[in-house]
Amino acid sequence: MTDRGSMEVVGGELSSHAGLAPLDELLAASEHIAYRLDFVRGGYDFISPRAAILFGVTLAELHARGLHLLRERLTLEDGERCFSEIETLCAAAPGQTQSHCLEYRVRDAAGNLVCFSDSMSVHSDAAGQPLSACGIAVDVTERREHEKALRDSEEKYRATMDAAQVGVSILHDYKFSYVNPKLVEMFGYREDELVGKLGPPDVVIPEQRELLIGKMQRRAAGEISAPYELTGLRKDGSTFPLLIMGRPLAIGGRPTSVGTLIDLSAQRRIEKELKDKTRRYAALFEGAQDAILVADIDSRRVVDANVEAELLFLRPREELIGMSTAAFHPPELSAAYGEAYARHIRAGGGGPDEMKIVTADGDIVDVEISSNVIETADGHRLIQGVFRDIRQRRKSEAELKLAARVFESSQESIMITNADSIIVSVNPAFLRMTGYSAAEVIGHNPRVIGSGRHPAEFFAAMRQTLNAEGRWQGEIWNRRKNGEIYPAWLTISVYRGASGEVLNYVGIESDISERHAAQEHIRQLAYFDPLTGLPNRRLLQDRAEQALVGAEREGKRVALLFVDLDHFKTINDSLGHSAGDQLLSEVAQRLLGCVRRMDTVARLGGDEFVVLLGEATLEGTSEVARKILEVVGRPCQIEKHQLGVTPSLGISLFPQDGGDFETLLKHADTAMYRAKESGRNAYRFFASEMNVAALERLQLENGLRQGLERSEFVLHYQPQINVANGRIIGAEALLRWRHPQTGLVSPGRFIPVAEISGLIVPIGEWALREACRQNRSWQDTGLPPISVAVNISSVQFRGGQLEENVRSALSDSGLPPEFLELELTEGIVMGNADETVEILRRLSAMGIKLAIDDFGTGYSSLSYLKRFPIDKLKIDQSFVRDIVSDPDDWAIATAVISLGHSLRLAVIAEGVEQAEQLEMLRLQGCDEVQGYYFSVPLPADEFAELLRRQNFTELIQQQNMKGV
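At position 432 of the sequence shown (counting the first as 1) the number is 432 in the working numbering, and the numbers step up by one without a gap.
No lab work stands behind these hints, which were simulated from the structure alone.
One or more of the hints may lead you astray.
What the hints assert, rightly or not - Think about it this way: if two alpha-carbon atoms lie no more than 25 Å apart in a straight line, the pair counts; the simulated DSS-like pairs of lysine-lysine are:
hint, residue 1, residue 2
1, Lys197, Lys215
2, Lys235, Lys175
3, Lys235, Lys215
4, Lys481, Lys569
5, Lys569, Lys666
6, Lys272, Lys182
7, Lys235, Lys275
8, Lys866, Lys849
9, Lys676, Lys627
The model shown is predicted, which means the values in this text are computed figures rather than measured ones.
Please put together the full structure from these sequences, using the hints given.
Shown next as structure tokens:
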């Protein structure tokens, strides 16, 4: 039945009761349901029409069976409860009327639950059974729904607050009136200790309470403020960072505020961890050993780079940021690298891949790249590339390959053992050196090649050094497979792992058998003369000092004989060093034959020998000296030459001539010089006055040095005359020394000292340059051009600088080379003739003239003589001096002139002092002459005047007339 139909039915029923009292009419018209129920009959005596509409029945049905209908429509729970309460109420006061309020739910005609609040009065009989009830039932459905919604909302809010992870509170008069569990937990109080007793100022540190109260007052006054951070104070006194937020709220018209209190400890910890992570990432990023670039995936442009990237790409970070990743690839590889880039992005990263990059200076660098894709918090995607420079790795790989090749091809033996000294590898050189195969030694201790020569202490010390220094080297004796023991130089290195543990020992060994032999040879060289096998100066001194100690102890004498060969230099220069060496070896053997086995014969060097006689006497020493003169002076056959050489001896005696070796040697040397001065081939005992002569020689040498520095040397010039016409065609430059104290020093006095001391080289170079300069000066003044002859010593000739000095002297002076003549002794040109030919040819090629001086005094070979590019032979004055009275000298001079002409050489005679000498030379066809007969050597200015006059023509013509 519809509500409209119900209303029509109910309206009709009401019309039939038009006689109702006014109160009943009022109740009938009310929205509430008024009723009077008869429990005995089970029906309503009266009920508001609203009930019929609610239940969808007629009023008649309600009057007749209302109680039954009510039971049907009540919910099961509410029906049992309501009737039970009525029965209980009646039983409590039988026969009385009781008021009671019931609340129940019934289902309306549509099946919906409707909630009523029923205020009734119940009348019971004497037995406590309900008889009747009347009341008004008010529809409270909407109110109950609002209340339920409010309860639900409150429960949800409370559940939310209780579950909140922040502290939530409601404040009244700055005190907590509500706190959620999190706030209780946060401060460590019980809820009852907080609510109504404490407020926010009580849970912050004391020094911040006034600040908090001020903020709360301003907020209550309507000021809007941001959350503020303070330091929270727990019940146990501990503190923590606290964030407080609040807003005013009115509840029931009473000023209230809601506060949110947040423990920031976790947030601060997270922030710190984030900062730490950020710092760690930055440290890793910047401290990485590899270059790192971070690029935006979409734009492919760099957004960040570390320091290593700056070093690898040779660009500052500011320049790298913003660059396209394609800019780092060689153009020809861009397509391939672009595909790799896309592949890495699709896979979320990749690598390691090897690729090439281009640096700022255009270099191509091999790198290994790994990448990973990074997604930022805002969803932005980046790609991080890690570039490892593999140039060093490539180099190391190459070095490893090289090391392997070196290991295999090394000529030094290499053996590798493990930490337990068990051989794990050997190279081919080891196998060759020891004679073992690899299978015979690998897996064994190195003792397999031990010689047994070294004691246990040797290897203990080796092990100690290896442990302390990681390296040992030294000499060791090993044994080959065939049993041969050999010396080796061994270097052992320790190779350790990352934690310092020993991994391997590597031994590198060289066979030093040849070195040992060489050392023995060196020892021989250190104490013996390599040419003659005699003791050298060092061994001589050692033996002499021992002899002196014994002689002093026993009161005996020791004699020292200094032996020097006369004119040995001439033989050496004439026949060459090979002949000279053979002669020295022969002399050494002859000296050994002159002394006892207990005596010592030593060679100091050159042609100097020393004989040491122990337990010497004057008579015995003299006898040995005479024997040496006789034996050494005998002729000997050297190559094809019969040579005779004589010795000069100087003798000093211990103790009267000196108490030590050096003094005795010096005095013997001094005595030897006195023997030479007395005519050679003699011996002299040292006398104290001989020191004066030795001192004079030393002073002379020092004077020569100073004279060279102070320009004390001058040249005098002796004219050379053409025999045919008497004209001056040349001049010989003769060295003179103008000493500041003693005046002119004789060349015969200082030249030998200059040659012995070696000063002849700088003096001779000065003479060459001065002669060239002077000759050019004469020509520049208009004098007739002539040649100037300069004497060259053997030291200059063999010194290696002669050609350069000649070239320099000609160049600096401007003298044409055809006006320079070099005079070389016969001994110079015949020494090492093959070498001499080459030097003379180079000198001749310059255009200068070459003459052999003192010809006939040495040992010339005609076969060599014809090969020399010489221009002139010079007859020595020793032959010219006596040609008038000595047939032999005359024969020699004639032979030299004839030989020279046969070889198409000019011949000049020196030392012409008499007209008879000139005449005889002229008759034999001698081309040129010089000597005192014409002029003594003259200073340059006087010679210039002589050259200008040319006054020898008449003298020569007169001589020629005599011949006619």
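### Task
Against the earlier hints, flag every one the structure doesn't satisfy and list their numbers going up.
Checked against the structure, the hints that fail are numbers 4 and 7, while the rest are satisfied.
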